[in-house]
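This is what each chain is made of:
Number of protein chains: 4
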Amino acid sequence: MTMKVSVLGATGYAGAELLRLLYGHPEAEVRHITSESHTGERIDALYPHLTGMYDLQLESMKKIDSIGEDSDFVFVCLPHGHAMGVGQALAGMETRIIDLGADYRFADTSVYEAWYHVPHTHPEAERVYGLAEIYREDIRSARIIGNAGCFTTASILALAPLAKQHLIDVNTIIVDAKSGVSGAGRGAKTANHFPELYDNFRAYGACTHRHTPEIEQALTDLSGEETLINFTPHLVPMSRGILSTCYAKLKPGIAPELVDAAFEKLYGKEYFIRLRGRGAYPSTKDVRGSNFCDLAWHIDERTQRVIVLSAIDNLVKGAAGQAVQNFNIACGFDEKMGLDFTPIYP
Amino acid sequence: MTMKVSVLGATGYAGAELLRLLYGHPEAEVRHITSESHTGERIDALYPHLTGMYDLQLESMKKIDSIGEDSDFVFVCLPHGHAMGVGQALAGMETRIIDLGADYRFADTSVYEAWYHVPHTHPEAERVYGLAEIYREDIRSARIIGNAGCFTTASILALAPLAKQHLIDVNTIIVDAKSGVSGAGRGAKTANHFPELYDNFRAYGACTHRHTPEIEQALTDLSGEETLINFTPHLVPMSRGILSTCYAKLKPGIAPELVDAAFEKLYGKEYFIRLRGRGAYPSTKDVRGSNFCDLAWHIDERTQRVIVLSAIDNLVKGAAGQAVQNFNIACGFDEKMGLDFTPIYP
Amino acid sequence: MTMKVSVLGATGYAGAELLRLLYGHPEAEVRHITSESHTGERIDALYPHLTGMYDLQLESMKKIDSIGEDSDFVFVCLPHGHAMGVGQALAGMETRIIDLGADYRFADTSVYEAWYHVPHTHPEAERVYGLAEIYREDIRSARIIGNAGCFTTASILALAPLAKQHLIDVNTIIVDAKSGVSGAGRGAKTANHFPELYDNFRAYGACTHRHTPEIEQALTDLSGEETLINFTPHLVPMSRGILSTCYAKLKPGIAPELVDAAFEKLYGKEYFIRLRGRGAYPSTKDVRGSNFCDLAWHIDERTQRVIVLSAIDNLVKGAAGQAVQNFNIACGFDEKMGLDFTPIYP
Amino acid sequence: MTMKVSVLGATGYAGAELLRLLYGHPEAEVRHITSESHTGERIDALYPHLTGMYDLQLESMKKIDSIGEDSDFVFVCLPHGHAMGVGQALAGMETRIIDLGADYRFADTSVYEAWYHVPHTHPEAERVYGLAEIYREDIRSARIIGNAGCFTTASILALAPLAKQHLIDVNTIIVDAKSGVSGAGRGAKTANHFPELYDNFRAYGACTHRHTPEIEQALTDLSGEETLINFTPHLVPMSRGILSTCYAKLKPGIAPELVDAAFEKLYGKEYFIRLRGRGAYPSTKDVRGSNFCDLAWHIDERTQRVIVLSAIDNLVKGAAGQAVQNFNIACGFDEKMGLDFTPIYP
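Protein chains in written order, with our numbering: chain A, 1 to 346; chain B, 1 to 346; chain C, 1 to 346; chain D, 1 to 346.
Chain A with its partners taken away, still in its complex shape (with noise of 0.2 Å):
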């Protein structure tokens, strides 16, 4: 039952984690891999630590239909606005895909364009939101599969038990993230030089950040109503991981029980979402490597309010492991398969 994939735009974080996943996966063959800008070198050319693991030379998306011919799956690790055009390259074939950016996670192609500035040229096209444990069931069929980003992933499932269970109210959430320098990407700028970062702490995109949308459309589509949050990313110096701080308001009257339960019932069977409990403090590294999701919440009875937090690695249950999560829900395999290994620790 091999399928096989490729992967469009190889050389970025997103695409080098996705080929470390895919080595260990028993039922993936990668047939090609992509990059416009280093065509025709040697993946471990430019990412050595995969010296020896793909014998295989990065190849130009312009033989795109020949790549989807030769693929089950296609993988997208481009920046938002090229998956679009893949998406209708490969209209009329049976491969389907993975689109680890953005261009195929709304329902609503206009807060796209409001959002990310440019047109959506295939708003058409059926396609589902890549959350696993929120939307496994859509994912099974789907043919496009909008992988969910690395912020909202952590945010959403933090927040996703609280809202579908209507105990708190939509419109106090705050979402206050962290992330690893790893998110923003592999280009050099001085920005994110090692010296402009390394001991230093702040934050970006504050009001205006691209996630924000995307963290709306799913509490919405949780809890009924139309929400509305606050959401400021950081940038913490290290390498990978996020954590997401999320503050609601409880309603009146609900018991710390009560959130309690709401988190073991939507997630009690989850396999990579760890319940560590009322009153724990994930961190970034329980979950490094790992397509683990941890989670905790604090409730003080002094504001009503609720605190979750939630530990991912933007690179794996943000990117790469949720694509093969997803990639395994949509194959019916086991959701686990590649995936089930330990946190790399210390």
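Rather than coming from a laboratory, the hints here were simulated on the basis of the structure.
Among the clues, some could well be false.
[Unchecked claim] Reference excerpt, derived from the structure (chain A facing chain D, CB under 10 Å, subset only): (1) His122; (2) Pro195; (3) Leu197; (4) Leu235; (5) Pro237.
[Unchecked claim] Under the rule of at most 30 Å between Cα atoms (straight-line distance), these lysine-lysine pairs were calculated in the DSBU-like manner: (6) Lys265(B) / Lys251(B); (7) Lys251(A) / Lys336(B); (8) Lys249(A) / Lys164(B); (9) Lys249(D) / Lys251(C); (10) Lys249(C) / Lys189(D); (11) Lys249(C) / Lys249(D); (12) Lys249(D) / Lys336(B); (13) Lys336(A) / Lys4(C); (14) Lys189(D) / Lys189(A); (15) Lys189(C) / Lys62(B); (16) Lys251(D) / Lys251(C); (17) Lys249(B) / Lys249(A); (18) Lys189(B) / Lys62(C); (19) Lys336(A) / Lys336(C); (20) Lys189(C) / Lys189(B); (21) Lys164(A) / Lys249(B).
We put the beta carbon where it would ideally sit given N, CA and C, even for glycine.
Assemble chains B, C and D onto chain A, guided by the hints.
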């Protein structure tokens, strides 16, 4: 006009930082430094960076009387609970006290007792809260100054203009704060062991951190309204620096320009507060090693919330630098004396 | 053919890393894990990253007999001096021992006693030195394997081809090695407290580090010449990884191609050694989390010296991974079993 | 007696660090700062940590004549190859030049040309090598000072006592040096992108780094013997700091006390050199932000080698601080002026 000063508890990070700053202060002469666990040792045996800077041996605090008599000012850098004894021991002398701990920070000692779980043995002490930009006039003549805490300094300075001008609903305040690890002191424990924290990020003390009531006290004072907040600290894998991200709901109809004006009004003439403006992103490294507090703010018109970002060096403006600033005020010196230097970057 | 294995001293970093690797090993079943200070606790209470991976309680080593009887292999992850007792206790059983400490590394126990300052109580033990690429044949049937140390693995593998082919003057060897802090173990002490090491770099153990005689033993063995070296370790402010920079004078007339050929000859077929070639720069992150040793070399024609650069993950190829590799050899398994995965980057 | 000074190339790390130090210098007035790529911008737009410290706009170097005429001293913080033009342009003026680059470091410009691969256009310039502790007398009256490089400062200071006193065989010298990333400048490139270097360690420039001949020049000068060394730099995942680990064979019969005496003799009265003694381990953080060079040494009686450890801040004693020290000497000021402050720790 040189002042004789002593540092009680000189072997912690705040004490050592105070020695760094006092070395460069033209009107302070360090007479005594104390440590109970290292009595008789040289300070540079414990802190080699001070090699050649001080020719002083650590003494025991058992001689607090003679230390007090030989000091115009005593800086107390001890864990909470110890400064009260110092205050009582020196009650009959002219010696003035600047306590970097929590003992003298609260007007209502029952708040102290509730959050610190120790009885307050010196409630009758005349004392002022040592946050210079807010309580400068009180500090001038104070005999006991309860130096403001690190998180609290960053957070109160961030929110004071808004609270004072009644621009926000104070009971919607959420402070999500991030600190370098030096804030936890020099005592070794597994939780702060290098490999545990490096490349790692986590929260701690949600809903229970002792800086919560200190922030609430100041905001209640400034706004005139009883204020309860949520405060969540996080550990950033770096040595120094605090960034506080502060959220609040703007009152209806408050225009962005009113917010700008409130910051300008309160801080326009403050040397140590650098208004980086609406839309900016101060970083902890911008202020590293200095007594500056860099402030910026963002307004989300969708949610009618204001987000204030506040960066300080936790050991300087959050501890030793603020102590020197208070010392300067109390002595009638130029407030910048010994503190007029550039942050160290990168 | 599943082997029953136990881990003595499972709460140190090497023990925890072994649990990470054994989780992914298809033919190893972890039966017992021990800790004297945490007897009765769950391993995931100490290492939350293992939450959900093991449903095991820590036992005391007092039951070493019954542990031994229930184990085909015992991995000893204890400080030096403890494995000898285990070796004696299990002497009459079929149980095989892989000691990650130093007790069984030396052919001449007087060398051990001179450098470790403890008497060797089990000198008669039949034992082999557990550096697979050099001593593989001996490992196959060994009952006690003294797993090679972390610095020593990186350094011996770097120099072995040159020593074995007699291309260098072995008494000019200088090994300047750099390690992440996990090499110092999990015990908290001020020297390894986060703020002390972060953004800091220093040497330690110059001329006296205990890995010195271990490297000398192997190089003497390989070259046939009595070898004394200088070995200087340094602490890098990172969690994992070792880079050894090894210097030696080439014998007169040795051409660069002979150096290349020596590496190719010894390691050309070794899966875990990746020859990055003459002129390359392996980095610790290229091998992070994996059992690879990446090697490169440089020749200075001006000084007739060769410089070999060797990168490993100290907890994997330098400890737990090498132990699993030795386990595979001793069991007759594929040497890569449970170790065939990609390093984690970035 | 205030000197008018200008900084050419103020937007690199060395230039910005010079501005940090000059801010605190009582007898230096910064008149002009230049940048070709940021002409017309404010320095604090590029370096927010300088907000409020300088009210200066960046100028173009096209006006070098008028800048020179308005300056007693010009500090050149440009890439190598540019200072020669400045030297020629200012040849007829009284303006003195301190070049932080390599152009004026070599007595024999053919060495410069061989290692830097550019022709030297100003070989006739009268110039001195700006390493104050070794060449102080020459610096007093020099018109052009070729400020010593960062690695070279740490390495020459480490080895000078031994070379000068003929205690070592200079052709056995190996310098294994480690630097924070700020040494590579502020220019963004993938190799120095945050996620690439964080939690990573590697060597570079083995056998070819341009600081090699600079160290050799000084050691040849000091020892009177033609000296060839091996120099291998490494990148440490930190912002600032250099540790040089220097190895050499002691001449036969040299007792440890002779080594101690050599250090004491050369440096006993040097303020900026702190002799931490035989057996100590200076760390880069002990000197961070300061102009100190901390030295310690170890003697291996087994191999008859001496190992010298040398720690500096690459941007201070290795660049801007040394420039100010040279400036003070050249002006006849107290050598510590503007540099008499404590390192910042932790």
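Against the structure, the hints come out as follows:
Interface restraint check for His122(A): the shortest CB-CB distance to chain D comes to about 31 Å, outside 10 Å, so the restraint is violated. Nearest Cβ of chain D to the Cβ of Pro195(A): about 4 Å, under the 10 Å cut. The hint holds. The beta carbon of Leu197(A) comes within 5 Å of a beta carbon in chain D, closer than 10 Å, and the hint placing it at the interface holds. Look at Leu235(A): its Cβ gets to within about 9 Å of chain D, closer than 10 Å, so that hint holds up.
At about 7 Å, the closest approach between the beta carbon of Pro237(A) and any beta carbon in chain D falls short of 10 Å, and the interface hint on this residue holds. Between the alpha carbons of Lys265(B) and Lys251(B) the distance comes to roughly 19 Å, so the proposed pair stays at or under 30 Å and holds. A C-alpha spacing of about 49 Å is found between Lys251(A) and Lys336(B), which places the hinted pair above 30 Å, so the restraint is violated. A hinted pair counts as satisfied when its Cα atoms are at most 30 Å apart, and Lys249(A) with Lys164(B) qualifies at roughly 25 Å.
Distance restraint check for Lys249(D) and Lys251(C): the Cα-Cα separation of roughly 18 Å lies within the 30 Å cut-off, and the hinted pair is therefore satisfied. Between Lys249(C) and Lys189(D), the direct Cα distance comes to roughly 35 Å. Violation of the 30 Å bound is thereby established for this hinted pair. For the hint pairing Lys249(C) with Lys249(D), the CA-to-CA distance comes to about 13 Å; that is within 30 Å, so the pair holds. For the suggested pair Lys249(D) and Lys336(B), the alpha carbons sit about 52 Å apart, so the restraint of at most 30 Å is broken.
Using a Cα cut-off of 30 Å, the hinted pair Lys336(A) and Lys4(C) holds, with the two alpha carbons roughly 25 Å apart. For a cut-off of 30 Å, the pair hint linking Lys189(D) to Lys189(A) stands: about 7 Å separates their Cα positions. Of the supplied pair hints, the one linking Lys189(C) and Lys62(B) holds, its CA atoms being roughly 27 Å apart against a limit of 30 Å. Distance check on the hinted pair: Lys251(D) and Lys251(C) sit about 22 Å apart at the alpha-carbon level, within 30 Å; holds.
As the CA atoms of Lys249(B) and Lys249(A) are separated by approximately 13 Å, the hinted pair is consistent with the 30 Å bound. Between Lys189(B) and Lys62(C), the direct Cα distance comes to roughly 27 Å. Compliance with the 30 Å bound is thereby established for this hinted pair. For the hint linking Lys336(A) to Lys336(C), the alpha-carbon distance of about 22 Å falls within 30 Å, and the restraint holds. For the suggested pair Lys189(C) and Lys189(B), the alpha carbons sit about 7 Å apart, so the restraint of at most 30 Å is met.
Our distance criterion of 30 Å between C-alpha atoms is met by Lys164(A) and Lys249(B), whose separation comes to about 25 Å.
Hints 1, 7, 10 and 12 from the earlier list are contradicted by this structure; the remaining hints agree with it.
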